[in-house]
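Participant: Could you put the whole structure together from the sequences, leaning on the hints where they help?
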Amino acid sequence: MENIAQLMSEEHKRCDDLFTEVESDVVDKNWEEGSSKYKRFMTSMVAHLASEEEILFPEFEKKTGSSHGPTSVMKMEHEQMRELMTQIQTAFAEKTYDKLAGILETLMMLLQQHNMKEEHMLYPMADEVLGENGPEIAERLKSSIK
Amino acid sequence: MHQAPPFRAVYRFFLTAPVFIATAGIYLAFGNNSVFDTHISSQLAGFVHLVTLGFLTMVMLGALMQMMPVMVGAIIPRPILFSSLVYYPFTIGLLLLVAGFITNAYGVELLWLLLTSFVLLFFSIGLYVITILSRLLGFKVKSPVLTNLKLVVLSLGAAASVGLILVYGKITGNFFAFEPGMLSLHLYWALAGWVFSLINVVSFQIVPMFYVTPEYPLYMKKYSVPLIFTTGILFTFSWVIPETYVTLYKTLVGVVWAVVALYFSTFTLIRLSKRKRKLPDYTLLFWKLSMTMLALVSLFWIIDTIHPLIAREKFFLISGILFLVGFAVSLVNAMMYKIIPFLSWFHPAGKGAMDTPNMKEMLPDKKIKIQFMVFFAALVFLLLSIFYPAWFLKISGSLFIISSVLLWLNLVACVKVYKKYYKKAENQNSQNG
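Protein chains in written order, with this note's numbering: chain A, 1 to 146; chain B, 1 to 433.
Calculated directly from the structure, the hints in this document are not laboratory data.
Where hints are given, some of them may not hold.
Stated by the list, open to error - Below, computed lysine-lysine pairings styled on DSS-like, alpha-carbon distance capped at 30 Å:
#1 K75(A) / K99(A)
#2 K278(B) / K39(A)
#3 K367(B) / K274(B)
#4 K276(B) / K146(A)
#5 K338(B) / K424(B)
#6 K274(B) / K29(A)
#7 K142(B) / K62(A)
#8 K419(B) / K99(A)
#9 K142(A) / K37(A)
#10 K338(B) / K95(A)
#11 K63(A) / K140(B)
#12 K62(A) / K75(A)
#13 K146(A) / K13(A)
#14 K75(A) / K420(B)
#15 K424(B) / K366(B)
#16 K142(B) / K13(A)
#17 K367(B) / K95(A)
#18 K367(B) / K99(A)
#19 K13(A) / K140(B)
#20 K416(B) / K338(B)
#21 K39(A) / K360(B)
#22 K146(A) / K62(A)
#23 K288(B) / K13(A)
#24 K420(B) / K95(A)
#25 K360(B) / K37(A)
#26 K369(B) / K95(A)
#27 K276(B) / K75(A)
#28 K276(B) / K99(A)
#29 K13(A) / K338(B)
#30 K75(A) / K416(B)
#31 K274(B) / K288(B)
#32 K142(B) / K221(B)
#33 K95(A) / K29(A)
#34 K276(B) / K367(B)
#35 K13(A) / K276(B)
#36 K416(B) / K99(A)
Claimed, not checked - If you anchor each label on the Cβ, the simulated ranges turn out as follows:
#37 V240(B) / G131(A): 45 to 53 Å
#38 D17(A) / T244(B): 53 to 61 Å
#39 Y97(A) / L133(B): 44 to 52 Å
#40 D355(B) / K29(A): 22 to 30 Å
Ideal Cβ positions, reconstructed from N, Cα and C, are used throughout, including at glycine.
Facilitator: Listed below in structure tokens is the structure:
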């Protein structure tokens with residue numbers, strides 16, 4: 001059975017791939033195609049962030065007894081992501097390449113450094129503190145994302 | 001995982017570094033054209049330390065502080081105080097060290113310059129090494145990145161210690177009073193143990209992160225830095241081996257380094273060329289130049305070991321410039337172009353200023369491209385000036401000055417955005433209670 005770290009890291013990878021496809025369309029100025037792929041990416045992202053905030057983080061906080069620890073930093077970065085994702089939607093509507101390229105680059109950096117912190121620290125910590133409940137929580141995360 | 005250190009604790013390192021490369025440019029442009037006359041001289045040492053300490057180490061001290069929380073989750077307590085205690089003695093000590101070398105090159109003996117510089121540099125580097133090590137030793141778990149970081153920081157300490165012995169030699173005689181072996185050791189720990197290994201560790205983290213490539217394979221993360229470090233330890237104790245084998249032994253040390261470097265650079269070049277993202281990224285120009293230069297210098301080193309190609313002096317000068325400027329300076333330049341715009345956005349946006357200009361708005365692609373072209377030209381002329389100093393040193397020096405001013409302006413533009421929007425966010429937050 002998959003643990004949390006494996007499952008969620010693969011999810012990151014899947015979102016990255018979707019994101020890269022969006023970027024390719026933007027570079028080729030395929031606005032229609034890009035915009036619809038972007039919607040797909042956003043749906044995945046929104047589900048991923050929600051699964052962490054509604055399932056993983058509360059369970060983690062219950063075990064560690066603190067909501068001011070690492071999860072609070074992660075939640076703050078989620079907010080920054082949501083904001084950038086809205087800006088991208090607007091830029092798609094306006095079809096402004098420079099603006100869009102700049103926000104895409106910024107979101108990519110935000111995502112990558114965020115993923116690194118989660119994959120190398122938070123997820124392994126979660127697997128450890130959640131112990132035998134881990135696999136069951138992984139299952140819940142999986143069904144909430146899909 | 002935890003919060004990144006305050007931006008002001010790290011950006012001072014980044015904004016000072018280009019000033020030192022500009023100083024190195026001035027050194028070339030306004031000097032007497034004799035910096036490359038031999039490969040061992042006080043004059044050359046002055047130039048080299050402006051690059052190695054003034055640019056490379058200056059940036060790395062800041063970057064490591066910034067990246068430790070992201071890489072291993074280690075935080076440095078009281079970051080502003082720590083940063084000041086490292087930054088000021090380091091900067092002043094470096095200026096005095098370079099002044100010491102230059103005056104020495106012109107036949108003026110000012111020992112107090114060197115002594116004071118050493119006290120300051122040793123304090124700053126010592127404090128840094130001990131603080132980082134003590135943070136890293138606090139982790140019970142074992143991971144390649146933790147081990148690598150420890151070894152890299154220890155190498156910095158080793159380079160500084162051997163440097164101290166060289167200065168001691170100077171006080172009692174001249175810089176190179178000790179057998180040349182001591183100088184080789186200083187070079188090994190500084191260039192292979194510190195600069196090269198740290199760039200390895202950092203690349204393992206940032207190439208997948210900045211360029212969205214697959215991770216480096218585990219065997220590279222696990223073995224390359226420890227291999228370089230162990231070779232350094234064996235090199236340090238090479239005085240215990242019988243004299244007949246010493247030359248062979250030293251050759252082996254050089255080859256080990258060159259093979260690791262060749263592997264790393266080719267591997268990274270292939271990775272970067274397979275990158276899936278199509279969005280243009282001009283920092284890749286610097287990366288590709290950097291890795292090509294590293295591949296070139298290591299290949300040059302290996303071939304020369306088998307079959308000497310060129311006079312020793314020229315060999316060391318060419319290798320040195322390819323490695324230091326071609327490989328290391330380009331890479332650090334590229335790294336700053338990612339870290340600084342991102343942090344300049346990240347900190348204010350984290351405070352709620354979501355109207356902060358994005359990375360490309362504060363640092364447009366075109367500006368990166370222009371600075372790259374000037375830097376590349378400066379590097380080409382620098383290599384040419386090994387052979388024709390009278391023709392090319394001044395051109396190269398002038399181009400380095402322009403390139404560093406452009407770099408500095410590009411970075412300052414980002415930090416200005418940070419200051420403006422961070423302040424705005426703070427004001428808004430305090431108004432909202």
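Participant: Of the numbered hints stated previously, which ones are contradicted by the structure, given in increasing order?
Facilitator: As far as the earlier hints go, not one is violated by this structure.
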